[in-house]
Amino acid sequence: MAWLGLVADRHPAVYKVVDTAGLTHGKGMQSYLNMMAVRLLELHRVLKDTGSIYLHCDPTAGHYLKLLLDAIFGAGRFRNEIVWKRTAGRSDARRFGRVHDTILYYARGDNPTWNTQHLPHDPAYVKRAYRNTDKRGRWRSDQLTASGTSGGESGAPWRGIDPGRAGNHWRTPTKGGMNDWIIGQDLIPGWPDRYPGVHERLDALDAAGLIHWPERGSMPALKRYLASTKGTAVEDVFADIKKLEGSARERIGYPTQKPLALLERLIAASSNPDDLVLDPFCGCATACVAAEKLGRRWVGIDISPKAVELVHERLAEQPPLGIGPLFHNRLVTARSDIPRRTDVTKPPPYRENKHLLFGRQEGRCGGCRGEFPYRLFEVDHVTPLSRGGTDHLPNLQLLCSHCNKVKGDRPQEYLLARLQETMPR
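Residue numbers for the sequence shown follow the numbering used here, beginning at 28 and rising by one.
Please keep in mind that the hints were generated in silico from the structure rather than gathered at the bench. Just so it is clear, CB atoms sit at the ideal spot from N, CA and C, and this is done for glycine as well. Worth double-checking, as some hints may not be accurate.
[Claimed, not checked] Capping the alpha-carbon separation at 25 Å, the derived lysine-lysine pairs in DSS-like fashion look like this:
#1 112 with 250
#2 43 with 54
#3 250 with 202
#4 250 with 93
[Unchecked claim] Derived CB-CB ranges, DEER-like:
#5 386 with 299: 36 to 46 Å
#6 301 with 103: 23 to 33 Å
#7 138 with 58: 33 to 43 Å
#8 362 with 153: 46 to 56 Å
#9 58 with 362: 41 to 51 Å
Starting from the given sequences, assemble the full structure and let the hints guide the process.
Quick look at the structure:
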């Protein structure tokens, strides 16, 4: 629990969440949340403003983790609570069957990367709605008008038909799925920019066979093809992706392994090709495999050395899984040492910062917070050099002689925990 003192000192809102969990749920939950807090704080630090974080949790700790993320990212950065219905048909004798986990989705900034994901239309809906068929496939009639009259060309009669009589005006598909499909299929060369006027666009649609003319006296309609639709937008209940059963082809025996389809959906929604994906608990490398399949760069971290072996094995998988060899002559770098920063210049001798630190700390010790004369302070590394710390200013502080001796060659959280133990109650 040594980290708890550091969290309390720098992030009081986070500390209150962790401390409350200890009072209501016990020391085990408090220790778990403290472990998660220091990692989530670092993830928040390295995340781009357009980035997002997804945290998978079960009902045991989900409500505490939600508060923890609110404290770190801000309640306004919450985007979704995704319900993943991972199994079905489970019954419990004395309560409702537990069949779902939760995935908490938060954004780092106001405009995170977002790509709407889609599911195929329900076959019954397709059969009911797209009842017409021609050489281009199934289609349904859709409106070529929108409500409201207009004094411009969109409100003028076209081929003798006046949309204003019904209080409407002409509207053609210049964005969305139908527009993209027309361009992708090259059904109307130069669409829509070559046709600035709405009547020109109506003529072009008709010439391409994309307007249905019903019986005399009825309004013409747009032929909206099933192929032009992306399907149904995915909502915050995932019921189509099941957990991996023991016989699943992609299963490798890792106890917490997630389906590849689940990670692919999340990564595709919140990143673009060549973006960087980080999984700090990569385990059996499912997120790494999903990122590689989708053309993203990735970093995986895990406490187990086995994770490195699993990453190599899974990236080299062959059918019948169906994904083939994923790594195309690229290098996987695996390391177990503490990475050093390469994006900064060599700092000056750290003791030269003593005057600056004295002013920044307003003459107070970074441990006990007592006030001392300048000459009694000693320059200390918050994170020791032996544990990956540097001589850069953000890693330096002033301690009184007593606190510096207590801390020794240990991190700051150790000192704060020791000081908390000796405080009068």
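Verification of the supplied hints:
Restraint check: the Cα-Cα separation between residue 112 and residue 250 comes to about 37 Å, which exceeds 25 Å; the hinted pair is violated. Taking the CA atoms of residue 43 and residue 54, the gap is near 14 Å; set against the 25 Å cutoff, the hint holds. With a C-alpha separation of about 15 Å, the suggested pairing of residue 250 with residue 202 holds against the 25 Å cut-off. For the hint pairing residue 250 with residue 93, the CA-to-CA distance comes to about 46 Å; that exceeds 25 Å, so the pair is violated.
Evaluation of the 36 to 46 Å hint for residue 386 and residue 299 yields a pass: the beta carbon distance comes to about 44 Å. Checked against the given bound of 23 to 33 Å, the beta carbons of residue 301 and residue 103, roughly 29 Å apart, stay inside it. Against the hinted window of 33 to 43 Å, the Cβ-Cβ separation of residue 138 and residue 58 comes to about 36 Å, which satisfies the hint. Between residue 362 and residue 153, the C-beta spacing of about 51 Å keeps the proposed range 46 to 56 Å intact.
At roughly 28 Å, the beta-carbon separation of residue 58 and residue 362 lies outside the given 41 to 51 Å, and the hint is violated.
The structure shown violates the earlier hints numbered 1, 4, 9.
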